[in-house]
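Quick mapping for you: the protein sequence lines, in order, are chains A and B. Read in numbering that gives the first Met the number 0, the first sequence has 105 at position 106, and its numbers run on one by one without any break. Read in numbering that gives the first Met the number 0, the second sequence has 253 at position 254, and its numbers run on one by one without any break.
Honestly, the hints are just simulated from the structure, not real lab data. For each residue, glycine too, the CB sits at the ideal point set by N, CA and C. Each hint should be verified, as a subset may be incorrect.
[To be verified] Here are the simulated lysine-lysine pairs, PhoX-like style, with alpha carbons at most 20 Å apart: (1) B:K188 - B:K176; (2) A:K63 - B:K195; (3) A:K86 - B:K195; (4) A:K168 - B:K195.
[What the hints assert, rightly or not] One-sided and incomplete, this derived list gives chain B residues near chain A with beta-carbon spacing under 7 Å: (5) D189; (6) L196; (7) H208.
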Amino acid sequence: MANLFKTKLLRKSYKVSNNPFKMGSLEVLKGVSFSINPGQTLAVVGESGSGKSTLARLLVGAEKPDTGEILFNGENVLQNRNFPWYKEIRMIFQNPRTSFNPRLTIEQILAEPLINAGELNRYQITNKIHQALERVGLRSEYADRYPHTFSGGQRQRIAIARALILDPKIIIADEPVSALDVSVQAQIINLLLDLQEERELAYIFISHDLGLVQHFSDKVLVMHNGVQEEYGPVKEVFSQPQSPYTQKLLKASAGYKRSS
Amino acid sequence: MNYARINGLSHRLKLFQTKPSWQMFSHNHGAMFGAFILCLFILFAIIGPWLAPYDPAQQFSNKTFQPPIWNLGGNFSHFFGTDDLGRDLLSRLLHGARLSLFLSLFVLFVAASIGVIIGAIAAFLPPIFRSGLMRIMDLILSLPSLLLAIIVVAIIGPGINNAVYAVILVLIPQFVKITQNSISQELLKDYSMAAKLDGASHTRLLFKHIRPNIIPAIIVQLTFSFSTALLDIAALGFLGLGAQPPLAEWGTMLAQSRAYIQYAPWTMALPGLAIFLTILSVNLVGDGLRDALDPQINQ
Numbered sequence: 000m001a002n003l004f005k006t007k008l009l010r011k012s013y014k015v016s017n018n019p020f021k022m023g024s025l026e027v028l029k030g031v032s033f034s035i036n037p038g039q040t041l042a043v044v045g046e047s048g049s050g051k052s053t054l055a056r057l058l059v060g061a062e063k064p065d066t067g068e069i070l071f072n073g074e075n076v077l078q079n080r081n082f083p084w085y086k087e088i089r090m091i092f093q094n095p096r097t098s099f100n101p102r103l104t105i106e107q108i109l110a111e112p113l114i115n116a117g118e119l120n121r122y123q124i125t126n127k128i129h130q131a132l133e134r135v136g137l138r139s140e141y142a143d144r145y146p147h148t149f150s151g152g153q154r155q156r157i158a159i160a161r162a163l164i165l166d167p168k169i170i171i172a173d174e175p176v177s178a179l180d181v182s183v184q185a186q187i188i189n190l191l192l193d194l195q196e197e198r199e200l201a202y203i204f205i206s207h208d209l210g211l212v213q214h215f216s217d218k219v220l221v222m223h224n225g226v227q228e229e230y231g232p233v234k235e236v237f238s239q240p241q242s243p244y245t246q247k248l249l250k251a252s253a254g255y256k257r258s259s
Numbered sequence: 000m001n002y003a004r005i006n007g008l009s010h011r012l013k014l015f016q017t018k019p020s021w022q023m024f025s026h027n028h029g030a031m032f033g034a035f036i037l038c039l040f041i042l043f044a045i046i047g048p049w050l051a052p053y054d055p056a057q058q059f060s061n062k063t064f065q066p067p068i069w070n071l072g073g074n075f076s077h078f079f080g081t082d083d084l085g086r087d088l089l090s091r092l093l094h095g096a097r098l099s100l101f102l103s104l105f106v107l108f109v110a111a112s113i114g115v116i117i118g119a120i121a122a123f124l125p126p127i128f129r130s131g132l133m134r135i136m137d138l139i140l141s142l143p144s145l146l147l148a149i150i151v152v153a154i155i156g157p158g159i160n161n162a163v164y165a166v167i168l169v170l171i172p173q174f175v176k177i178t179q180n181s182i183s184q185e186l187l188k189d190y191s192m193a194a195k196l197d198g199a200s201h202t203r204l205l206f207k208h209i210r211p212n213i214i215p216a217i218i219v220q221l222t223f224s225f226s227t228a229l230l231d232i233a234a235l236g237f238l239g240l241g242a243q244p245p246l247a248e249w250g251t252m253l254a255q256s257r258a259y260i261q262y263a264p265w266t267m268a269l270p271g272l273a274i275f276l277t278i279l280s281v282n283l284v285g286d287g288l289r290d291a292l293d294p295q296i297n298q
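Just chain B, with the same shape it has in the complex (with noise of 0.2 Å):
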């Protein structure tokens, strides 16, 4: 009894988890690659402000425009040199690592969640509410993000919580769309009808045979909405609508210095720079991830 006991708990471990295929993903040098970024660079959001040498919002008032290091007139005081007040990028950078970062990640976890989930249940609704509920998510999706966002906020009001708010309703109706479509597809296929005949119910059904067939069309919405969260928060914080001064954010850094682009280059290549790493790197890991997910890949 005993041993079938634990044979049965092994197997019940072997039976019940999808196996992602680590082999596959670490043989993807690109998404390896991205992952090595990622990591690093929420390595930064979490102990950059230990690493920091100066307060962001410090203002060294004789030594604005300061060029980074590897400039001529760089020196080890400022590393990536300073900004139009003197502030400290390096400081600044590590700083708003964890704002961008932190602020994207939950961002996209709430939309994606909530998304799923109404996108889930449209998908086994009467087709009358399901029509009702996708013509709201198109009209949402009609206007562009960002002037969405804008609207929001202009509504309830500038401020770092509510452009949260607004980018997380910008990006609700593409996870609701990305998943009834999805699983309205898969129900219509021979394996669903199996799975019913096999008398699965419509709850397992959902959680144990469709959901591993939507999960690699999520993770790849999942990195395009997180540029567009990242990108959409900053430019939020560059209208004056979403972080504001002297608030550290790699997009409101990047807006601020716009004007100096021809002076100072760095002030605004380097948010930048940090920025198109980020999406870079989580576009690359999204698309491992897919591949490492697919049986038909990965064999």
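For reference, chain A alone in the conformation it holds in the complex (with noise of 0.2 Å):
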């Protein structure tokens, strides 16, 4: 059976002149491959500037990788140019306070991508909003207020909802949880493991937290300057690493020596 989601040798470089007759390029990936399916979560750890977000970016189509596949059920996305990214493929962003329109109700946000998908007319989409919102742990009046009347917590949960209204198959977040409370944040990654629970969601999670990301995942994706340096199921990876990088981002990992 094909993966869900699979992606092979993903290469990414970026212009870093603006002189145009002098060009630059840094490559941010170099060559990044793993696959996924429903029901599972990726991790993909690394520090910061080791391209996770670059990656992250690609995944949702924001980006187009330079070469690479990006299979979906077995069908290379990037060859098609229909392909509706943001019905399948979802993100949760890592800071909740920049990533929703300021000026805009909850209620607007969240109609967003059911205005775009065009199915539903104005009255379903009210009603989906509101069971969004509540399957997340928000009460439905909560629709008509602003953003920045929220907490970070309550916030991410609306994120969480955006992502999920159009009941897609894979929910990229980067770092969702990094920027909340200790407290919050294990609340915000109970949601997350109930609703993959409830809708066999794959997860690819990006993260500084090793010791979250074992007890969270599957798999596990060690990326190290752009390189894939490690890949592969979360036990074999933490209790054998294989490459220097990923053993040395162990040892420094306090989490990582409590937790084994």
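Both chains are sitting in their own frames, so use the hints and assemble them into the complex.
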């Protein structure tokens, strides 16, 4: 059976010069491959600047890789210009303070993907928004309020509602809890786990927190300077790290020592 | 079905309208004062010619420099007094309100529309064309607005129409720059990315998501540009390049009476006061609007 979502040797480089006569380029991703099935969680770990966020942008279709393939249900979606990325692969942003438009109400923000999908009328959209808000543990009356009236944890719940509202197959979460208090982090993680069980979601979870990764995920992808250092089931990678970088990373993590 | 449709319509009205907060605006006393003065002046501009007791160009040669009613020697025949040629100042101010206010508003409207459209297009151009366009705008901005307006009028010839074209041209770059800058900044923010990932098209992103965030900046620019428009048209009139005498225009009146400031201060003070109050009230209204449109302040 083909994997739900698979990438092959993704490469991406950026131009680093504004001078059109002197091109310099910086290779941010140097061949990243992985696969993931429904209900699974893939954790992407690595230090700052290792290309994790670039990978996330490629996976949600915000940017195109230079070379490589992205396969969704066995179909190369980079060659399909009409592939509805936003219906299948959704993203949860790192910072819940900047990822909402300050001048739109929660209802308007959550309605956006539904309006663009164009399948429901206004009345159904309202209903769906209220359902989604209640599912993530917020009151449906909150729909009329503006984002700045919510706390960080509540906003991240709204972000989850926004990601889930089109019933996607894959959620890409770019450090979704790193901006939150520790107690709130646990609530959000539990919510994500419940939703995964309920809907057979595949998560691609970008994180710094190795302790969290160990509990939460099935597979790990370790990245360093855009290179895929290690990729495999979480138990193998954490118990028998092969690459020297992974070993260093695990040694540096206090959370790893405590939990092992 | 009918119920759903009605409900859908009311919902649509709620969902697709930005809600300017009237309450917020009405609690702002400065803004209310400004709005009151502005409405009063616009009313005068509309009905002024019927209120005016005399023809603005009619010269009472035996009554030059008659003081206004509150000064010694003033009387009710000329409420605000007369100027150097014996023309009734009240009539001239009322006629001038129409010319000054409507010309400035027209100039502002045209310049803002053109500028905002060019700026919005520029924000989505490839970087090379965008910086080319922006350098042209910088070039125009680097000259003082009045100097540029004088150059333009010198090329296309004096007269009130040409002065209007010149001031429009002078005002455009500010709107282009502020629109392009704000849009570029907003495009970099996370919520723009989120909207793109929600499947929003470029037009939808611009009009639904970015527009409410850049309108406050444009409102502030509008209030600044209104004063520039009013003063530049006046200054061109003063230099004999804009409104030609005997046309009553506040700036021209102000400039013509400059020589008599010690002898007959009211001839200068009254048009000056009119300009001052107009610009003050526009600025107050602009500030109030900016606050009322910001949900972070008004809740």
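Hint check, L196 of chain B versus chain A [nearest Cβ-Cβ separation less than 7 Å]: Interface hint status for L196 of chain B: holds (6 Å vs cutoff 7 Å).
- request: Identify whether the interface hint at D189 of chain B stands, where standing means a beta carbon of chain A within less than 7 Å of its own.
  value: holds, 4 Å
- prompt: Going by Cβ atoms only, is H208 of chain B closer than 7 Å to chain A?
  reply: holds, 5 Å
message: Against the 20 Å threshold, does the CA-CA distance of K168 of chain A and K195 of chain B hold or violate the hint?
response: It holds: about 19 Å lies between the C-alpha atoms, which stays within 20 Å.
- prompt: Is K63 of chain A within 20 Å of K195 of chain B, Cα to Cα?
  reply: holds, 14 Å
- prompt: Regarding the pair K188 of chain B and K176 of chain B, is the alpha-carbon distance no greater than 20 Å?
  reply: holds, 19 Å
message: For K86 of chain A and K195 of chain B, compute the direct alpha-carbon distance and say whether it is at most 20 Å.
response: OK: K86 of chain A and K195 of chain B at ~12 Å, within 20 Å.
Every hint, counting from the list given before, is met by this structure.
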